[in-house]
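Enquirer: Each chain, letter by letter, is given below.
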Amino acid sequence: MSAVIREAASQLVKSLEKLPQERVKHIVSLKESQLERFKAVAGLETNTQDAKQRPSMQDIKDIINRTSGPLGMQKEAMAKVNSMLPQEHYSVEALQEQTHAVNDLLNNKYKNYYSVGDKLMKPQGNPEYYQRLMDEIEGKQKETFWSAMRTVVFGK
Amino acid sequence: MLSYNASNGAKNLLHSFRSVKFPNTFRSFNYSTNTNKINKASDLESPEELTLKSHLKSKPIDYTNNAPVNPKKQRPLLSDSKYESKLYQLPKWKEALGEIVIKGFNLDMDKVRAGPVAGSYYYAMCKEQGLQFENEPLSPTAKFFYEDLKLPRTFSQWFQVTILHEWILFVRMRAMPFKYGKNYQQKLVDRTFTDIELRLFDEMNVNSSRIADQYLKDFNSQLRGAVFAYDEGFFTDDSTLAAAIWRNLFGGRKNVDMVHLEAMVRYVRAQLYVLSKMSDREFAMGGFKFVPPDETVHQLSAQQEEDMKKAVVEKYEAMDKRTDLLPSERSKLSYEN
Chain Z
1 MSAVIREAAS QLVKSLEKLP QERVKHIVSL KESQLERFKA VAGLETNTQD
51 AKQRPSMQDI KDIINRTSGP LGMQKEAMAK VNSMLPQEHY SVEALQEQTH
101 AVNDLLNNKY KNYYSVGDKL MKPQGNPEYY QRLMDEIEGK QKETFWSAMR
151 TVVFGK
Chain P
1001 MLSYNASNGA KNLLHSFRSV KFPNTFRSFN YSTNTNKINK ASDLESPEEL
1051 TLKSHLKSKP IDYTNNAPVN PKKQRPLLSD SKYESKLYQL PKWKEALGEI
1101 VIKGFNLDMD KVRAGPVAGS YYYAMCKEQG LQFENEPLSP TAKFFYEDLK
1151 LPRTFSQWFQ VTILHEWILF VRMRAMPFKY GKNYQQKLVD RTFTDIELRL
1201 FDEMNVNSSR IADQYLKDFN SQLRGAVFAY DEGFFTDDST LAAAIWRNLF
1251 GGRKNVDMVH LEAMVRYVRA QLYVLSKMSD REFAMGGFKF VPPDETVHQL
1301 SAQQEEDMKK AVVEKYEAMD KRTDLLPSER SKLSYEN
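From first to last, the protein sequence lines are chains Z and P. Position 51 of the first sequence, counting from 1, maps to 51 under our numbering, and the rest follow consecutively. In short: position in the second sequence from 1, add 1000, done, that's our numbering.
The following block holds chain Z by itself, in its conformation from the complex:
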């Protein structure tokens, strides 16, 4: 991989690293998965424990292409697997676009441009809705049994 592409990819990695950590743990994380994907392109060390233990896409491709009939697979099955493996070729332009998109997201470009104001942020029917949700996620103010029951009975 050429140096220009590596340079563009490392710019992208820098932007991706600025993405906020998820407040709630999910099975997959956008930040982690994309870092893992583009750090490989940038030639940087992937430092997640998970990534070290699992075989990379390159390893899998190696295993498949090493012999004529690896893992005792038939020719058609091989062709099928090969067609299913993602082939990714990055150009500098594409990588720069990715960086640009990530930066737009980081700068809250659309939240600011399409600002909805208090009308939707503090909705009339349930003004505390989002604040309560955020307090719960961030652990600032936990719902008590009674406040939860109130929500069940009255709906807010």
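Think of the hints as simulated: they come from the structure by calculation, not from any bench. Take these hints with a grain of salt, some might be off.
To be verified - Simulated pairs of lysine to any residue, SDA-like, Cα-Cα distance not exceeding 25 Å: (1) Z:Lys156 with P:Phe1228; (2) P:Lys1254 with Z:Leu19; (3) P:Lys1082 with P:Glu1197; (4) P:Lys1150 with Z:Asp118; (5) Z:Lys119 with P:Gly1286; (6) P:Lys1082 with P:Thr1194; (7) P:Lys1053 with P:Phe1290; (8) P:Lys1179 with P:Glu1329; (9) Z:Lys109 with P:Tyr1083; (10) P:Lys1057 with Z:Lys156; (11) Z:Lys156 with P:Phe1170; (12) P:Lys1111 with Z:Glu88; (13) P:Lys1182 with Z:Ile27; (14) P:Lys1150 with Z:Arg150; (15) P:Lys1182 with P:Leu1052; (16) P:Lys1321 with P:Asn1337; (17) P:Lys1310 with Z:Lys109; (18) P:Lys1254 with Z:Arg6.
Computed from a predicted structure; not experimentally measured.
Starting from the structure of chain Z, add chain P where the hints point.
Expert: Just chain P, lined up with the frame of chain Z:
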């Protein structure tokens, strides 16, 4: 009222908030965004154009064991009921009887209207966005989702597209008076699951009700998770919203194109912006339509917004003053917010 500029400047597509019942009186107020300098300077392309601009040609992994949606017999968009067909006209005597009942029992029409507007009209709109069948051409919006964003053409992907649009409507419904907003949300969700159940049996060849129940439970938890994640993203920032869209709509696939994610964030935020400029009355009467992905929503200037509000207030003031207004057309919802 709000106008969007179609991407190709040749035909200057002017959209206005269309009120279902009174299209003629309403159409006359159109504002061209071209005249507004601020709008021109912002130089935004539509979500679709943005998507097509991307040079990353990575293809999604092709799972060839996808179950295509290829029904032997297709369900109608809403139901077989004649009352939901567009051609059906209620006999005059039934209409009159209905008006008498509404007046006699003093029914709350805002509550009654939740069924036909949220449960029928808005649900059909959400359903249409990602609707696809294997051997049929895609609608322009569906093309954006399945071809431009390269999402798999499956039933569960359709469900994800649908609940994204439903969530957009939920956000607006929360801003209605609580009693009514909750009712609108309830009707929309009820209708979604009734329809999915029927589609599973009729179109996806599910024969056992036990399996259908499992699917429905699964879809229910997907809906809860998606609404939670989108709410969080909507309230916090664009990158959280992008992550929520990636996990739900894009199924958390690793080789995602960030430009596509950005386009989706733009799409969602633009719809919410249009909704935020709409009064309760217009929205509750079914005056909202999703902005197609190939059109751009521009910010309104203060002047445009004021003009728009004035036109809406005038229209509904005149309507409420009419003495011959039918009991079924009455509403107490505000038209000033």
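Enquirer: Does each hint hold? Answer for all of them.
Expert: Hints and how they fare:
1. With a CA separation close to 15 Å, the supplied pair Z:Lys156 and P:Phe1228 stays within the 25 Å bound.
2. As the CA atoms of P:Lys1254 and Z:Leu19 are separated by approximately 16 Å, the hinted pair is consistent with the 25 Å bound.
3. Pair hint P:Lys1082 plus P:Glu1197 holds up; C-alpha atoms about 20 Å apart against a cutoff of 25 Å.
4. The straight-line distance between the Cα atoms of P:Lys1150 and Z:Asp118 is roughly 35 Å, outside the 25 Å bound, and the hint therefore fails.
5. Our distance criterion of 25 Å between C-alpha atoms is met by Z:Lys119 and P:Gly1286, whose separation comes to about 19 Å.
6. Using a Cα cut-off of 25 Å, the hinted pair P:Lys1082 and P:Thr1194 holds, with the two alpha carbons roughly 18 Å apart.
7. A distance of roughly 23 Å separates the Cα atoms of P:Lys1053 and P:Phe1290; the hinted pair therefore holds under the 25 Å criterion.
8. Proximity of P:Lys1179 to P:Glu1329 is assessed by CA-CA distance (about 19 Å); at most 25 Å being required, the pair is judged to hold.
9. Between the alpha carbons of Z:Lys109 and P:Tyr1083 the distance comes to roughly 45 Å, so the proposed pair goes past 25 Å and is violated.
10. As the CA atoms of P:Lys1057 and Z:Lys156 are separated by approximately 46 Å, the hinted pair breaks the 25 Å bound.
11. Between Z:Lys156 and P:Phe1170 the alpha-carbon distance is near 15 Å, which keeps this suggested pair within the 25 Å criterion.
12. Of the supplied pair hints, the one linking P:Lys1111 and Z:Glu88 is violated, its CA atoms being roughly 53 Å apart against a limit of 25 Å.
13. Distance check on the hinted pair: P:Lys1182 and Z:Ile27 sit about 31 Å apart at the alpha-carbon level, beyond 25 Å; violated.
14. Straight-line distance between C-alpha atoms of P:Lys1150 and Z:Arg150 comes to about 43 Å, which puts the hinted pair past the 25 Å bound.
15. The hinted pair formed by P:Lys1182 and P:Leu1052 fails the criterion: a straight-line CA distance of about 38 Å is larger than 25 Å.
16. Among the hinted pairs, P:Lys1321 with P:Asn1337 is consistent with the structure: their alpha-carbon atoms are about 19 Å apart, no more than 25 Å.
17. For the proposed pair P:Lys1310 and Z:Lys109, the alpha carbon gap of about 30 Å is over 25 Å, so the pair is violated.
18. Of the supplied pair hints, the one linking P:Lys1254 and Z:Arg6 holds, its CA atoms being roughly 19 Å apart against a limit of 25 Å.
Going down the numbered hints, you'll see the structure goes against 4, 9, 10, 12, 13, 14, 15, 17, while the others check out.
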